[in-house]
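Enquirer: Could you put together the complete structure from these sequences and hints?
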Amino acid sequence: MTSAQDEKHTQLAKVEDVAAPGFSPEQHQLVREDLEIDDSEEASMLPSPVVAQTPRQKPKLTAAIIIPIWIVLSSSVIIYNNYLYNTLHFRYPVFVVTWHLTFAAIGTRILQRTTPLLDGVKDVSMSKDMFLKSILPIGFLFSGSLILSNTAYLYLSVSYIQMLKAFNAVAVLLVSWTFRISEPNRKLALIVLMISSGVAVASGGELKFNMFGFIVQAASVGFEAARLVMIEILLHGLKMDPLVSLHYYAPVCAFLNLAALPFTEGLAPFFELARIGPFILITNAAVAFLLNVAAVFLVGAASGLVLTLTGVFKDILLITGSTLIFGSTVTAIQVFGYSVALGGLVMFKLTGNKK
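Residue numbers 1 to 355, in this note's numbering, belong to the letters of the sequence shown in order.
Heads up, some of the hints might be wrong.
Stated by the list, open to error - Simulated restraints on C-beta separations:
no.: 1; residue 1: 113; residue 2: 272; range: 32 to 38 angstroms
no.: 2; residue 1: 274; residue 2: 80; range: 17 to 23 angstroms
no.: 3; residue 1: 187; residue 2: 89; range: 43 to 49 angstroms
no.: 4; residue 1: 335; residue 2: 127; range: 48 to 54 angstroms
Calculated directly from the structure, the hints in this document are not laboratory data.
The beta-carbon is built from N, C-alpha and C at its ideal position, and this holds for glycine as well.
Expert: In structure tokens:
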């Protein structure tokens with residue numbers, strides 16, 4: 001085993017924080033960061049350079065540097081998208097997601113040829129059968145999750161959507177139980193009860209509750225949970241970091257979204273491009289892409305416990321920031337309900353770390 005492979009396995013061992021308790025270590029790796037991060041992936045294998053005698057080492061950043069960067073980028077993606085949809089009134093989530101995925105497909109291929117960040121692509125043996133039976137259906141679920149989650153911002157506040165995302169962990173548990181990937185127990189039942197009750201209380205306290213937006217966000221959670229479990233079932237423990245995953249799925253999802261665009265938003269978003277301007281479009285997609293780059297460094301620099309606490313802090317910071325930037329109102333009932341859900345979410349992630 002090469003030193004690069006040793007380093008890769010060491011990094012992968014650190015990130016079991018968000019997988020359902022009862023999963024194997026390989027399953028922990030597959031489900032982990034996807035509960036926090038919002039973007040895409042497809043593959044193009046490159047031959048080993050004949051002149052390269054030593055593998056390129058991936059650059060490293062300390063946790064003290066990368067954690068603040070990741071928090072800022074993760075929050076910025078959500079705030080920037082909400083600004084685009086509701087302040088600039090560019091209300092075309094299918095187009096925006098398609099553009100993000102196209103940008104990511106191009107960006108990962110540039111990084112593959114110019115940096116060692118996508119050396120993990122060489123470890124993935126992609127066949128036509130795997131693409132049709134695994135990548136394509138998972139890409140469909142990923143595409144649906146991205147479109148629905150972005151559409152929810154047209155109807156719900158950033159703060160409330162962030163509270164609803166606490167239910168992602170419950171959805172993963174329920175889908176994993178359905179497919180018998182993990183077995184329920186009393187502790188998991190308590191976690192499900194805490195998160196579900198907390199989200200229900202927070203929903204009851206939402207002053208601008210919109211049923212359609214709630215259904216859209218709930219559907220997004222369902223798509224995402226199904227995607228995470230399907231990765232384990234269809235890819236049989238194949239490990240891919242956020243950028244390698246983006247490399248594989250971005251072109252697939254972009255193509256699926258592009259095919260759906262004429263039937264959903266038509267030509268309307270293209271007529272609005274001149275008003276929005278290239279600066280907004282490029283920087284919006286660039287922030288989303290940089291989040292995936294930061295995730296690779298975060299995985300390599302932080303332990304599972306640090307990742308868990310970082311995610312919780314980011315959620316609280318984002319809810320607070322959205323109330324200040326967009327004037328969202330968060331009631332005392334919502335604070336109480338979300339605190340309960342957050343407690344269950346922390347229990348879920350810490351339980352996963354101990355497995």
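Enquirer: Evaluate each hint against the coordinates.
Expert: Taking the hints in turn, this is what the structure says about them:
1. 113 with 272: 32 to 38 angstroms: For residue 113 and residue 272 the Cβ distance comes to about 33 angstroms; the hint holds.
2. 274 with 80: 17 to 23 angstroms: For residue 274 and residue 80 the Cβ distance comes to about 20 angstroms; the hint holds.
3. 187 with 89: 43 to 49 angstroms: Since the Cβ atoms of residue 187 and residue 89 sit about 46 angstroms apart, the hinted range of 43 to 49 angstroms holds.
4. 335 with 127: 48 to 54 angstroms: Since residue 335 and residue 127 have Cβ atoms about 50 angstroms apart, the given range 48 to 54 angstroms holds.
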